[in-house]
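Following numbering that gives the first Met the number 0, the numbering of the sequence shown begins with 0 at its first residue and continues without gaps.
In short, the hints are calculated from the structure, not lab data. Beta carbons: idealized from backbone N, C-alpha and C, even for Gly. Any given hint could turn out to be false.
Said to hold, decoys possible - Below, computed lysine-lysine pairings styled on DSBU-like, alpha-carbon distance capped at 35 Å:
(1) 237 with 81
(2) 178 with 267
(3) 237 with 138
(4) 392 with 435
(5) 267 with 237
(6) 178 with 330
(7) 304 with 267
(8) 306 with 405
(9) 123 with 330
(10) 238 with 435
(11) 138 with 170
(12) 406 with 451
(13) 236 with 267
(14) 124 with 138
(15) 453 with 408
Said to hold, decoys possible - Here are the in silico distance ranges between beta carbons for each label pair:
(16) 451 with 236: 16 to 26 Å
(17) 196 with 55: 54 to 64 Å
(18) 127 with 303: 18 to 28 Å
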Amino acid sequence: MASPHLPFLSFPKTLPPLPPPLKTHAHRTSLAAAPAPPPAPPDGAGPAAPTRGDRFLGRQLATEAAARVLAPEDADRRRRRKEKRRALARKPSGLASCYGCGAPLQTAEEAAPGYVDPDTYQLKKRHHQLRTVLCGRCKLLSHGHMVTAVGGHGGYPGGKKFVSAEQLREKLSYLRHEKALIVKLVDIVDFNGSFLARVRDFAGANPIILVITKVDLLPRDTDLNCIGDWVVESVVKKKLNVLSVHLTSSKSLVGITGVISEIHQERKGRDVYILGSANVGKSAFISAMLRTMAYKDPVAAAAQKYKPIQSAVPGTTLGPIQIEAFLGGGKLYDTPGVHLHHRQAAVIHADDLPSLAPQSRLKGRCFPANDTDVELSGNSLFWAGLVRIDVIKALPRSRLTFYGPKKLKINMVPTTEADQFYETEVGVTLTPPTGKERAEGWTGLQGVRELKIKYEERDRPACDIAISGLGWISVEPSGVPSNSAEEVYDGGELHLVVHVPKPVEVFMRPPLPVGKAASQWYRYQELTEEEEELRPKWHY
0 MASPHLPFLS
10 FPKTLPPLPP
20 PLKTHAHRTS
30 LAAAPAPPPA
40 PPDGAGPAAP
50 TRGDRFLGRQ
60 LATEAAARVL
70 APEDADRRRR
80 RKEKRRALAR
90 KPSGLASCYG
100 CGAPLQTAEE
110 AAPGYVDPDT
120 YQLKKRHHQL
130 RTVLCGRCKL
140 LSHGHMVTAV
150 GGHGGYPGGK
160 KFVSAEQLRE
170 KLSYLRHEKA
180 LIVKLVDIVD
190 FNGSFLARVR
200 DFAGANPIIL
210 VITKVDLLPR
220 DTDLNCIGDW
230 VVESVVKKKL
240 NVLSVHLTSS
250 KSLVGITGVI
260 SEIHQERKGR
270 DVYILGSANV
280 GKSAFISAML
290 RTMAYKDPVA
300 AAAQKYKPIQ
310 SAVPGTTLGP
320 IQIEAFLGGG
330 KLYDTPGVHL
340 HHRQAAVIHA
350 DDLPSLAPQS
360 RLKGRCFPAN
370 DTDVELSGNS
380 LFWAGLVRID
390 VIKALPRSRL
400 TFYGPKKLKI
410 NMVPTTEADQ
420 FYETEVGVTL
430 TPPTGKERAE
440 GWTGLQGVRE
450 LKIKYEERDR
460 PACDIAISGL
470 GWISVEPSGV
480 PSNSAEEVYD
490 GGELHLVVHV
500 PKPVEVFMRP
510 PLPVGKAASQ
520 WYRYQELTEE
530 EEELRPKWHY
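Generate the whole structure from the sequences, applying the supplied hints.
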């Protein structure tokens with residue numbers, strides 16, 4: 000039987016690709032758990048890789064480059080730290096000092112400040128009472144003797160001086176690094192001469208309260224509202240940032256309570272430093288403060304017994320005097336006066352110093368007087384032997400009004416005779432300098448300043464000419480009353496030449512509104528609300 004026929008089967012030579020297997024959850028988990036492949040090797044791997052020495056050298060070069068960039072900044076930081084350490088080293092320590100002048104007590108040199116009899120010193124030291132000791136110089140000052148101690152001030156060269164003005168400034172350099180409240184004093188009679196222009200060199204960033212002293216010396220009927228506005232405007236122009244301005248008198252105690260109130264409000268546990276130029280009235284101000292505070296503060300009442308010495312001699316205080324004056328802690332410091340070389344006290348003899356200090360209210364002395372027909376043009380006026388004013392050009396009714404110590408006489412002579420008059424009368428009629436002996440060593444009026452004063456209104460003073468350390472002269476274009484209905488004015492400018500001793504300075508400033516008539520011509524500044532808010536407030 001034949002087998003059945005089977006069909007022919009053919010198979011492809013290559014199989015088709017299989018579909019990808021389904022990825023189950025277990026498979027995904029196993030992939031995630033698998034370790035990541037190692038990262039690709041960095042550039043320079045293998046034979047080109049940097050050696051350990053190359054890496055060390057690279058780090059060294061990077062450090063040196065950074066040091067070059069930061070070196071000036073680090074050097075400046077180190078310099079500031081060094082200056083701060085040096086300044087703080089001058090801060091008053093526990094060394095026993097005279098309570099009258101602040102000079103360190105010593106028993107070696109009898110003529111020097113701070114001298115105490117050795118037996119007295121040992122006795123007080125044994126009983127821990129050195130803080131109650133007054134040195135020999137302060138005892139003489141308290142009896143009216145003029146004993147100088149600051150080199151180049153209050154006397155001619157030749158006498159023995161013990162402290163220089165630069166050393167006194169250095170003693171205050173630590174203040175800028177302290178957290179303190181600064182009370183800066185300015186004499187209203189010598190506003191420009193006693194105003195410390197660079198007070199921030201001493202005070203640093205510490206807050207400042209500005210106190211104007213001796214307002215009781217201003218002429219009668221002076222409106223203190225005008226004075227306060229004038230002072231604030233002057234302070235704003237000098238770009239000094241202060242908390243407030245106070246008009247005070249240490250003699251009549253005007254304004255002292257307001258200063259004390261602000262000190263207590265702003266002190267916040269800090270020490271208080273009284274700062275100002277020499278003979279501005281710091282010691283008198285402290286005495287007035289203690290006298291006022293003593294009614295409510297027993298600590299201030301106890302401090303009154305040992306208060307600083309007051310004297311007309313520049314440099315009475317020779318070191319910071321620490322005073323326990325506040326009930327809740329904190330100290331009050333009377334600091335040495337900053338000696339300004341451009342004041343009259345720096346050039347005259349110590350015995351003539353009292354003549355520069357006004358003792359009563361100022362009264363303006365007018366030249367020419369109202370009852371004379373003399374004109375200023377072509378004349379010279381001498382204010383003692385310290386100031387000469389040549390009037391080159393002036394209006395027929397121009398007048399100069401002098402405000403300063405009454406002891407200093409004023410003389411007017413023709414300009415053609417002025418040189419001869421000064422040579423013969425200095426030391427005799429023109430004093431200080433007093434006496435022919437001092438006049439022979441007098442350097443004369445070598446400083447010369449030419450002033451051309453323009454005026455806009457004839458019914459008010461054009462300006463003040465302030466003489467540093469002496470007073471001021473009000474320049475009035477039409478101050479002399481006239482009976483004529485019509486007058487001729489020419490030029491609109493006054494031409495003066497002022498002679499003073501070198502290095503005394505002459506300032507030209509807006510007129511200080513003193514006297515009864517000042518309230519009529521003085522004009523208050525027109526300010527916006529923002530300007531009014533930024534201006535310091537004044538009190539009296």
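Against the structure, the hints:
no., hint, result
1, 237 with 81, "holds (31 Å)"
2, 178 with 267, "holds (10 Å)"
3, 237 with 138, "violated (39 Å)"
4, 392 with 435, "holds (34 Å)"
5, 267 with 237, "holds (28 Å)"
6, 178 with 330, "holds (12 Å)"
7, 304 with 267, "holds (26 Å)"
8, 306 with 405, "holds (30 Å)"
9, 123 with 330, "holds (23 Å)"
10, 238 with 435, "violated (45 Å)"
11, 138 with 170, "holds (24 Å)"
12, 406 with 451, "holds (29 Å)"
13, 236 with 267, "holds (29 Å)"
14, 124 with 138, "holds (20 Å)"
15, 453 with 408, "holds (28 Å)"
16, 451 with 236: 16 to 26 Å, "holds (21 Å)"
17, 196 with 55: 54 to 64 Å, "holds (57 Å)"
18, 127 with 303: 18 to 28 Å, "holds (21 Å)"
Consistency note: the structure conflicts with the earlier hints numbered 3 and 10.
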